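2 protein chains.
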Amino acid sequence: MSIDVAAPIQRRPLHNELADRLRHMIVEGELAPGEKLAEKELCSQFGVSRTPLREAMRVLATEGLVLLTPNRGCTVAKLTLADLDEAFPIMGALEALSGELACRHITDAEVARIRELHERMVRKYEAGALRDYFKLNEQIHQLILAAARNPTLAQMQLSLSGRVRRARYLANMSPARWTRAVAEHEKILEALAARDGKRLAVLLKDHLANKLQTVQEALTE
Amino acid sequence: MSIDVAAPIQRRPLHNELADRLRHMIVEGELAPGEKLAEKELCSQFGVSRTPLREAMRVLATEGLVLLTPNRGCTVAKLTLADLDEAFPIMGALEALSGELACRHITDAEVARIRELHERMVRKYEAGALRDYFKLNEQIHQLILAAARNPTLAQMQLSLSGRVRRARYLANMSPARWTRAVAEHEKILEALAARDGKRLAVLLKDHLANKLQTVQEALTE
DNA sequence: GGTATGAATTATGAATACAAAATACAAAAT
DNA sequence: ATTTTGTATTTTGTATTCATAATTCATACC
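The listed protein sequences correspond, in order, to chains A and B. Under my numbering, the residues of the first sequence are numbered 1 to 221, in order. Under my numbering, the residues of the second sequence are numbered 1 to 221, in order.
These aren't lab readings, by the way, just hints derived from the structure by calculation. All figures in this text were calculated on a predicted structure; none of them were measured in a lab. All clues stand as given, with none of them false.
Distance windows between CB atoms, simulated:
1) B:Arg180 x A:Gln142: 34 to 40 Å
2) B:Ala183 x A:Leu130: 50 to 56 Å
3) A:Glu110 x B:Ala82: 18 to 24 Å
4) B:Ser49 x A:Asn210: 47 to 53 Å
5) B:Gln142 x A:Asn210: 27 to 33 Å
6) B:Val122 x A:Ala218: 47 to 53 Å
7) A:Arg11 x B:Val122: 56 to 62 Å
8) B:Ala82 x A:Gly162: 20 to 26 Å
9) A:Arg11 x B:Ser49: 24 to 30 Å
10) A:Leu130 x B:Gly73: 43 to 49 Å
11) A:Pro70 x B:Phe46: 16 to 22 Å
12) B:Arg11 x A:Thr80: 26 to 32 Å
13) B:Lys40 x A:Leu158: 30 to 36 Å
14) B:Gly73 x A:Leu81: 41 to 47 Å
Result set (EDC-like, lysine to aspartate or glutamate): computed pairs, CA atoms no more than 16 Å apart in a straight line:
15) B:Lys135 x B:Glu119
16) A:Lys205 x B:Glu100
17) A:Lys205 x A:Asp85
18) A:Lys198 x A:Glu100
19) B:Lys78 x B:Glu28
20) B:Lys205 x A:Glu100
For each residue, glycine too, the CB sits at the ideal point set by N, CA and C.
Modelling step: build the complete structure from the supplied sequences, incorporating the hints.
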């Protein structure tokens, strides 16, 4: 495999690279909520000076992943029950919209691709492989979002889901809940194939509402 | 008038202050879309060094108000027709949600306050005072948003509306459109007073859709 | 022993200094 | 005259330095 020598050379600014890495670390739970993020420590860890690191921190703060307290440094934002209660209805509304838009624009090829992923996901469900199931689940929602042909919407969804993603492992789905989620996905696929936007919107919104309920139950015990 | 000596002394970081000022300048159209924002120039204008200014720029960039091109500086983000097409449906979905939530939580006092503003707004309409009308209009939507009791939602709405706010003056409403907008607002108030969330959601969504149409017409000519 | 006070340390905020890239401009070549 | 190439200038990216606020820790006092 040779590299494309004609491809444009691109070097990203450090603050971009740093923001991406830190975002990933936070979203994937490598940095615990509430954890103090000391500048000096991170600087030596990444081998950069404080200036680009601080710029990255401002970005993460506006994204809501990090909490900046004047003169008192930076901590990983905590995810409270209230945050989830706030975020999920919004995600539901945005998903509903993306479903509606997707029905208007999606191609047969895209539907086929989603169907394929869906079937693989069902097999993961049958095999009880939760992690793989999640992964495919996410890809499906991603593809629906892409079919909506609205980058602004996609970006907002991504940002919001990044914030609540850390709660994912809390959604320790009961077998009953899991079965239901798969059934919901069947219907979602149906509606999408039929280009029934209104129905898909309702299904996606309810799907999100159910997910919230699962997470809430996991958190309150 | 004496100052409150017991009030906590608060000094904001410069980057916060700068972000606020620049955001205001962009949203209010004092800085033209596409305009180059040279660091040195802004630094001398605000009397600060480049460090806090650059931090503020990163924030505005993640908010989508400013475009950052590596090694090539910063420009005020342009507002394309596509941007509006993308943003308005999202705002519609969010407004619809906030309407639904507001119906669940709003107090009689808040409804009364909105009714008062509404009536003042109608009088501004009758007087043909567009600017005052806009101002009251905005306050009403703000109060509905507050009644939804969802700070995350409020913050997202605010951010999005900030981005499209610059297109406001384009919505050079025709008399017919203006009359219709007022009628829509009557119905919105009714639904709110009746706590009819579903109906309010539809009304707000349609209200936004109409606004988009107006702006589109203004832009395409 | 526990609390309060103040000096020393450490961390953050902001400005400056240095490095690298982009732009502007002038000179040379076609 | 137009294009190309090399150089000067400007602008942006990053590191370092200085200033200021917060924290820690030792000491004095109740």
